[in-house]
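*Asks:* Chain by chain, the residues:
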Amino acid sequence: MTRTPHRRHGAGFFVVAALLALAACSTQDYPNTTFTHNSDLNVDVNALWDRVLFMATGVFIVVEAILVFTIFKFRAKPGAPMPKQIHGNHVLEIVWTMIPVFILIPLAIPTVKTIFKTQAPAPAGSLQVEVYGHQWWWEFRYPQYGVTTANELYIPTGKTVNFTLRTVDVLHSFWAPGLGGKRDLITNKTNYLWYTPNADLAEQVFNGFCTEYCGSSHANMRLRVYTVKPENFESWAAHQKAGAEGSPALIAAQKTADSIAKKAPAKAAIVPTPGGAPSPPVMNTGYVFPAANLKAHNIPRTPIPASMKFDDGLLAQGDAAAGHALVTNPVNMGKAPCLTCHLIRGEQAFLTDDNAKGPNLTHVASRHTFAGGLFPSNPANLARWIKNATAMKPGATMTTFGIGEYSSLMKAKVTAGLTDKEIADIVAYLMTLK
Amino acid sequence: MATTAAPAPGQTPTAGGSYAAGEQTGIWSWLATVDHKRIGTLYLWTALSFFIVGGIEAFIIRLQLMRPNGQVVSAEVYNQLFTMHGTTMVFLVIMPLSAAFFNYLIPLQIGARDVAFPRLNAFSYWVYLFGGVFMTIPIFFGAAPNGGWFGYAPLTTMQFSGGLNIDFWVIGLQILGISSLAAAFNFITTIINMRAPGMTLMRMPIFTWMSFIVQFLLILAFPAITIALVFLQFDRFFGTQFYEIAAGADPLLWQHLFWVFGHPEVYILILPAFGLASEILPTFSKKPLFGYNVMVYSGIMIGFLGFGVWAHHMFAVGMGATADTIFSMATMLIGIPTGVKIFNWIATMWGGQIRFTVAMKFAIALVALFTIGGISGVMHSSPPTDLQQTDTYFIVAHFHYVLFGGSIMGIMGGIYFYYPKMTGRYMSEKIGNWHFWLFFIGMNLTFFPMHFSGMLGMPRRIYSYDVGQGWETFNFQSTIGVMIQGLGLILFVYNFLKSKKTGAVAPGDAWGAGTLEWSIPSPPPEYNFAQLPVVTSRYPLWDLKHPEMTAGLAHSGPDAMTVTDSHATPMHEETEYKNAADLGIPMPFPTIKPLFTALFLVLMFSGLLFIHLDLFPVALTIMIGCAAAFVGSLYGWLTSPLE
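If you read the protein sequences in the order shown, they are chains A and B. Heads up: the first sequence runs through residues 1 to 434, numbered per my numbering. Heads up: the second sequence runs through residues 1 to 643, numbered per my numbering.
Keep in mind that a hint or two might mislead.
Stated by the list, open to error - What the simulated footprint calls covered on chain A by chain B, stretch by stretch (three residues with Cβ under 8 angstroms from a Cβ of chain B suffice, anywhere in the stretch; the number is not a length):
1) 45–57
2) 74–88
3) 172–183
4) 206–219
Stated by the list, open to error - Below, in silico cross-link-like pairs of lysine to aspartate or glutamate (DMTMM-like), each with a Cα-Cα straight-line distance of 20 angstroms or less:
5) A/Lys189 <-> B/Asp250
6) A/Lys189 <-> B/Glu244
7) A/Lys113 <-> A/Asp50
8) A/Lys189 <-> A/Glu130
9) A/Lys113 <-> A/Asp44
10) A/Lys84 <-> B/Glu548
11) A/Lys295 <-> B/Glu472
12) A/Lys421 <-> A/Glu405
13) A/Lys295 <-> A/Glu203
14) A/Lys357 <-> A/Asp169
15) A/Lys421 <-> A/Asp319
16) A/Lys411 <-> B/Glu76
Said to hold, decoys possible - Here are a few chain A residues that sit away from chain B, every Cβ distance over 10 angstroms (derived from the structure):
17) Arg141
18) Pro143
19) Lys229
20) Pro230
Calculated from the structure, these hints are not laboratory results. All C-beta atoms in this analysis are idealised placements derived from N, C-alpha and C, irrespective of residue type, glycine included.
Extracted from the complex, chain A is given alone in its bound form:
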């Protein structure tokens, strides 16, 4: 038997591992890293994790080094005598039974302490957020504020937020790695998770994910957590609490703004829109996290399917008043039944957050993303979404409205639906819902 080279790359792995571990500390390149100290929970967990990682790396190096040394040292040499036959050694075996025990004790003690600390009930006076999982988007309710929103969560820095986690369908799991560990959303059960973003945390956006497999679009069930200054949070919440009443006035203002925007190059676009109309400038809407402060990793880059055609030129001509009529006037219910699934507070009364199947749209235009954080919220994307949601997101349960589009839910072409112009009107209306 030929002797082959010994395993030399064991050491190489350590080096690579160490380099990658160092690199992992950079949140610039790794925006979803768990190696953070942004909240009290992450501080506790990482104190434990640092110890675990240190011990694990130590054990790894020692064991693999002994192994590599052994196979190098005791490789067969030609003409060597028969090795000494050893069948076992009780002392040695007791020793290396005890070694793991002594390694595990300093791991077990802080583990138990941290379990009981982090799973205690949230402190009184915490900000309450009810998280509802839906296939495949997130609903967030703030019962203390009467606010309901979707996929985008605002929380104030320095204040404990207590998440009450429930699901309306299958299991999901709520996770924003930069702020803390995950917790499952279990049907017919309520779970809790709480943490306090550091008081000195800069205003920023953390990406989050569903981490329990929940069907077709599990990968497309993302969320964003905006950590903002307490005063900004209050401003945001106060405005979100208001309904969409008075929208005709907003529409009038919107029209003026649009005509101005058409003359001047758009500077206030929320996010770059490929071939789309510029987003309307921000009006008096309470605090909204400025689009300009979003980092690249906060802006979804999900490709739009090539099959999705929409005449983006129509978006600039979108008539918000006509869109408002389409959405809210009962005579159009057959054509644009938006309000059978979506709640727009102030526009109708028969839906509540509990029986609305789709995301609450009362302030949809104040969000930077939609469809489970899959797309930037801009007129071009919203129009395509209304036209054919299932083509944009696998398994989406929203009806396909674009005339001539293939509806994978109905397994047929849509014959009675909305024209591109009508969709553009609806989008124009939605963009007033700031």
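Please build the complex by placing chain B on the supplied structure of chain A, with the hints as guidance.
*Replies:* Structure of chain B alone, referenced to chain A:
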């Protein structure tokens, strides 16, 4: 695989090759076989075929994830692929690869002429084959199971997964459970009753010991998943409400039942590989296994503790601090017997004369790579940190180090080690070396970066991820790694097929090992042992050929009471092929009835599918017809003479 012509009885094989004296050849001899060696061979070929299927699934998964927002497959196809990759590798590859070795080796290692119930053994195989085909076919029609290998309710209930996809999974797993249970009872009976004279339990080869433990795990773990599956099946077909959320079901019922099975299942997958490595390492170190007793006890300990840690898969479900603490501590405890095994393997090599055959390299790789999987296992035994890792790629990295680095590496070592015993020819060491290094490097390149993508926030089971999330490099590396593994797999298949005809001829004692299976010709004659050897120590063949190697072991001859077989003689080597009839050894008749019994059983189950196609009369006809045929075959089986 039809065999080549058999040599005349009494002739010593000179050219090697996959035959044994006096045996039937041709397709019929395989369909009707009740010989444990042939059944082991069938398991091996079938499981390796499924390994290629599962490998292709993995390859497509990695192509999809190579770049952000991958467009290779759709979300729906991806979900089917990852479900079937897991299901295939667990139930159709690693378990049956282990079963191939149980079948082939246990009777040879304990000095028996066959298993206790040869026909039941054939039945187990055919149920596995038909069940595996039943589960695999729908992937070619885009209708494969898509609920994950763990099939969490309520996603798998009719409300959220109409269609046949989940039906294939629910029915298929129950079918495979029948195969595993039948085999487990068979091997337990075999090991308890059919050991050669003098082979006490503590003289059994370590592979047989680990297999023995695994059979108990199987019969204790499979009922749990069977209950879970029957509940789900009744929900889906007959309107019960075990998991119906609208009726107030608690979905955690499924998770508890599933993981009460699922965690012991991990040890079902890994202990046979541990056993194989424990045979290979001493042989190529020219030293006996270090601390045999402790290796046995730690195996039992791992199997026992394995039933008390299931909820560590559920730290995120909100069980409460007390439950989290208990399951966390129990999980850490498992690290102790596992660590002992690692140290004992190293101590086995320490002071030895290590020959780096391909088999040995795979066994050493098992020690090196399982260590990594074991360490990362302890790392997320701590619930607070696990909440950052569970359902991320860190876990994917962890269990691939256990199941690929552990199970597959050990089994590959076992294949290179036992191939000469099975075929009479060695596999090519040259090609084997390439295979090993491609697997070893490819495996690490694939799975090591997953530790990082996981700690950097990448969730599992996602068909796509966005640009700029910090995971691109790691995913690209993983995909390259899979390509390297793919090359290794191609070389392995080539080596496996080619060596059967052109490999160097192997003697009975192909490697200088010490256990009974090496004391008979390669390949073994159908009766295995012409004279049953009387065993006086753990390494009977070393007793015979290298008494200095076992001088330190306790030796004792068997009591006169235990030697009742007129064929029993002192330990010896057998080199000749004889005719079983000439030796006066009764051999069980070949029979096709187990095959038909298995076939009708599987067809009976598949009749259920027609209920969901709204063809109730068809369903009823198939099920009643196949049930009748099943009973008929079984009656024929039970009433035909054995030998």
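*Asks:* Between the alpha carbons of A/Lys421 and A/Glu405, is the straight-line distance 20 angstroms or under?
*Replies:* 15 angstroms, holds
*Asks:* Beyond 10 angstroms on every Cβ pair: is that true for A/Pro230 relative to chain B?
*Replies:* 27 angstroms, holds
*Asks:* Establish whether the coverage given for the segment 74–88 of chain A by chain B is satisfied; the threshold is a Cβ-Cβ distance below 8 angstroms, and no fewer than three residues must meet it.
*Replies:* Coverage by chain B holds for the segment 74–88 of chain A (12 residues, Cβ < 8 angstroms).
*Asks:* Take the segment 206–219 of chain A, compare each residue's beta carbon with every beta carbon of chain B, and decide whether three or more fall closer than 8 angstroms.
*Replies:* holds (count 12)
*Asks:* Holds or violated: A/Lys189 with A/Glu130, Cα cutoff 20 angstroms?
*Replies:* 13 angstroms, holds
*Asks:* Take a quick look at whether A/Lys113 and A/Asp44 sit within 20 angstroms of each other, Cα to Cα.
*Replies:* 10 angstroms, holds
*Asks:* Examine the segment 172–183 of chain A for residues whose CB is less than 8 angstroms from any CB of chain B, and state whether their number is three or more.
*Replies:* holds (count 8)
*Asks:* Is A/Lys295 close enough to A/Glu203, meaning Cα to Cα at most 20 angstroms?
*Replies:* 11 angstroms, holds
*Asks:* Quickly compare the C-alpha distance for A/Lys189 and B/Asp250 to 20 angstroms and report which way the hint goes.
*Replies:* 8 angstroms, holds
*Asks:* Closest CB-CB distance from A/Arg141 to chain B, is it above 10 angstroms?
*Replies:* 19 angstroms, holds
*Asks:* Tell me if the straight-line CA distance from A/Lys189 to B/Glu244 falls inside 20 angstroms.
*Replies:* 14 angstroms, holds
*Asks:* Examine each Cβ of chain B, and state whether all of them lie more than 10 angstroms from the Cβ of A/Pro143.
*Replies:* Nearest chain B Cβ is 20 angstroms from A/Pro143, so the label holds.
No hint from the list above goes unmet by this structure.
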